[in-house]
Amino acid sequence: MSSPIDKKTLEHLTQLARIELSAQQEEKLLRDLGKILGHFEELNEVDTTAVAPLAGGTTFMNAFRGDGERENQLHGAGTENFPERSSTFLKIPPVFE
Amino acid sequence: MTLLRDLTIKNFREGLLAKKYSALEIAQAFFSYIKDTDPKIHAYLNLNEKEALQQAEAADVKIAKGEELGTLAGVPLAIKDNMLMKGSPATAGSRILERYISAYDATAIAKLKAEGAVILGKTNLDEFAMGSSTENSAFGPTKNPHDHSRVPGGSSGGSAAAVASSMAIAALGSDTGGSIRQPAAFCGVVGMKPTYGSVSRFGLIALASSLDQIGPFARTTEDAAILFNAIRGADPMDATGDPNASYGPDLTNPDLTAMRGLRVGLPEEYFVGDGLSSEVAAGVDSVVDTLQRAGIKTKKISLPHTKYALSCYYIILPAEASSNLARFDGIRFARIPGVQDGNATLADIYQKQRGTGFGPEPTRRIILGTFVLSSGHYDAYYDKAQRVRALVKRDFDEAFKDVDVILTPVTPTTAFKLGEKADDPLAMYLSDIFTIPVNLAGLPGVSIPVRNISGLPVGFQLIGKPFREADILGLGRLYESLIR
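Here the protein sequences line up with chains A and B, keeping their order.
If you read the first sequence in this note's numbering, its first letter stands for residue 1, the second for the next number, and so on.
If you read the second sequence in this note's numbering, its first letter stands for residue 1, the second for the next number, and so on.
Incorrect hints may appear among the rest.
Derived lysine to aspartate or glutamate pairs resembling EDC-like cross-links, with alpha carbons at most 20 angstroms apart [unchecked claim]:
(1) 352/B with 45/A
(2) 35/A with 420/B
(3) 421/B with 80/A
(4) 35/B with 14/B
(5) 352/B with 11/A
(6) 307/B with 42/A
(7) 307/B with 41/A
(8) 352/B with 84/A
(9) 307/B with 45/A
(10) 35/A with 423/B
(11) 421/B with 361/B
(12) 7/A with 242/B
(13) 20/B with 67/B
(14) 86/B with 80/A
(15) 91/A with 348/B
(16) 28/A with 424/B
(17) 19/B with 67/B
(18) 28/A with 423/B
(19) 35/A with 361/B
(20) 465/B with 402/B
(21) 352/B with 26/A
(22) 352/B with 20/A
(23) 307/B with 47/A
(24) 8/A with 32/A
(25) 35/A with 424/B
(26) 91/A with 329/B
No lab work stands behind these hints, which were simulated from the structure alone.
Build the full structure now, drawing on both the sequences and the hints.
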């Protein structure tokens, strides 16, 4: 069967994922994805009409923290990795042209 | 002189307390050995020498003063390079994080430090833990210490190879679909993926958040239990940690007589098919035989949806990964050197940095994940996969009504050659068919080397009930005691 991803779909996906690819990379990716998606067809053999989706490996829902005052030890941590900054703010190029 | 290859967490401590050596002497010996050996193996991406020697000295000072020691005092460990350690790099094996310096300690790292561990360095991995051979590392592959022409497995191949080649006593890895157990099997060491929710994921660079767990590599199941015990526990920084999880003294000190009473299930789906090599089948059969002769009751069971776990996983994982990896935009986590941005807009920088920074496998999975989550395809792929995941878990729930532990192979084959599967992603994915279901169901699983075999290492896998790591490690210890 034909792959559900064609060149046009792939270009849309690379836009959504913000990844620039060369023509060669796109070609290889199309081939690989066709093969992988083909393998997934086997899931259609499984009747899942009466099954609820499982989002995690556990049925445990959420571990809530106590709702109390606490000091943030990590304030500003990570800003040293910014390529350009102004005090603790990240400097970026214009978002709109 | 004590041989580094004979050290375990257990006997290292005995020697340390008996003053046979100091923690500093051992740490120095490890660094000297690593510098000599690692150019051939490439297990480490970066060494933490200065801090490690300070940590070792701190352990020695505590001993001299007679102060109380942590459970890992002075123990030289290696850490997979996708866990944050304040002030050190955390590349995740990717060019896009080549210049990133960790801003804080992962909870697992903070716990190791609190127990007095000596952290030797950070180990190689497939880029963002995506792969089964470490060939996807942007910094070159790791070699299998048993045969340098073969892969060590992956994605935690560096940690497995470091322990197997005596460049660390034990190590941490992360396991999303087999990334601890598969390299443990290929390298002939013990590796455990704990129950989902038992070890905090805070500070672990996320691959697939509903599947990822940090776990130990060690030479013995006893060491794996000690290391797991040090890092486990609910954490206010991880909303998926289970605060109700409880572990007794049997985790680190199992009653081997009681272990003989465990009922062991052998799932037929894991022992059929042309994918299982004769070496692995023979190795796992020898383990079953050893256990049966020790009086352990085994039972054939069925996990009927096993066949679908691989497809299910390779939909769910890319979906979660495409979302988790969106944060790496070439802006917030340091920029890749040498990429021409010019007078680019923000969108241009994202496209160029991500296009250059991610290797082929992360790119493939990000695009695949974006596709299965996209409008018009969500129901057919992502929603379908989550329903199949429920069935995979239900299979295990049913099986655990009759048995306490499930025994399977870890991998279909022994370590394959470097380059053998590098161009065929689907063939590479198939090397994880026996480990993936465990992650989908959130269960604990340990890979233990089969003893007394010739040739390349073979592992067997013990899968336990949720939060019953004590069963799988205890049964493993019984096996180790039966074959000396």
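Consistency of the hints with the structure:
{"no.": "1", "hint": "352/B with 45/A", "result": "violated (41 angstroms)"}
{"no.": "2", "hint": "35/A with 420/B", "result": "holds (18 angstroms)"}
{"no.": "3", "hint": "421/B with 80/A", "result": "violated (39 angstroms)"}
{"no.": "4", "hint": "35/B with 14/B", "result": "violated (27 angstroms)"}
{"no.": "5", "hint": "352/B with 11/A", "result": "holds (15 angstroms)"}
{"no.": "6", "hint": "307/B with 42/A", "result": "holds (9 angstroms)"}
{"no.": "7", "hint": "307/B with 41/A", "result": "holds (13 angstroms)"}
{"no.": "8", "hint": "352/B with 84/A", "result": "holds (17 angstroms)"}
{"no.": "9", "hint": "307/B with 45/A", "result": "holds (11 angstroms)"}
{"no.": "10", "hint": "35/A with 423/B", "result": "holds (13 angstroms)"}
{"no.": "11", "hint": "421/B with 361/B", "result": "holds (13 angstroms)"}
{"no.": "12", "hint": "7/A with 242/B", "result": "violated (44 angstroms)"}
{"no.": "13", "hint": "20/B with 67/B", "result": "holds (18 angstroms)"}
{"no.": "14", "hint": "86/B with 80/A", "result": "holds (12 angstroms)"}
{"no.": "15", "hint": "91/A with 348/B", "result": "holds (15 angstroms)"}
{"no.": "16", "hint": "28/A with 424/B", "result": "holds (11 angstroms)"}
{"no.": "17", "hint": "19/B with 67/B", "result": "holds (15 angstroms)"}
{"no.": "18", "hint": "28/A with 423/B", "result": "holds (10 angstroms)"}
{"no.": "19", "hint": "35/A with 361/B", "result": "holds (15 angstroms)"}
{"no.": "20", "hint": "465/B with 402/B", "result": "holds (12 angstroms)"}
{"no.": "21", "hint": "352/B with 26/A", "result": "holds (15 angstroms)"}
{"no.": "22", "hint": "352/B with 20/A", "result": "holds (6 angstroms)"}
{"no.": "23", "hint": "307/B with 47/A", "result": "holds (14 angstroms)"}
{"no.": "24", "hint": "8/A with 32/A", "result": "holds (16 angstroms)"}
{"no.": "25", "hint": "35/A with 424/B", "result": "holds (10 angstroms)"}
{"no.": "26", "hint": "91/A with 329/B", "result": "holds (14 angstroms)"}
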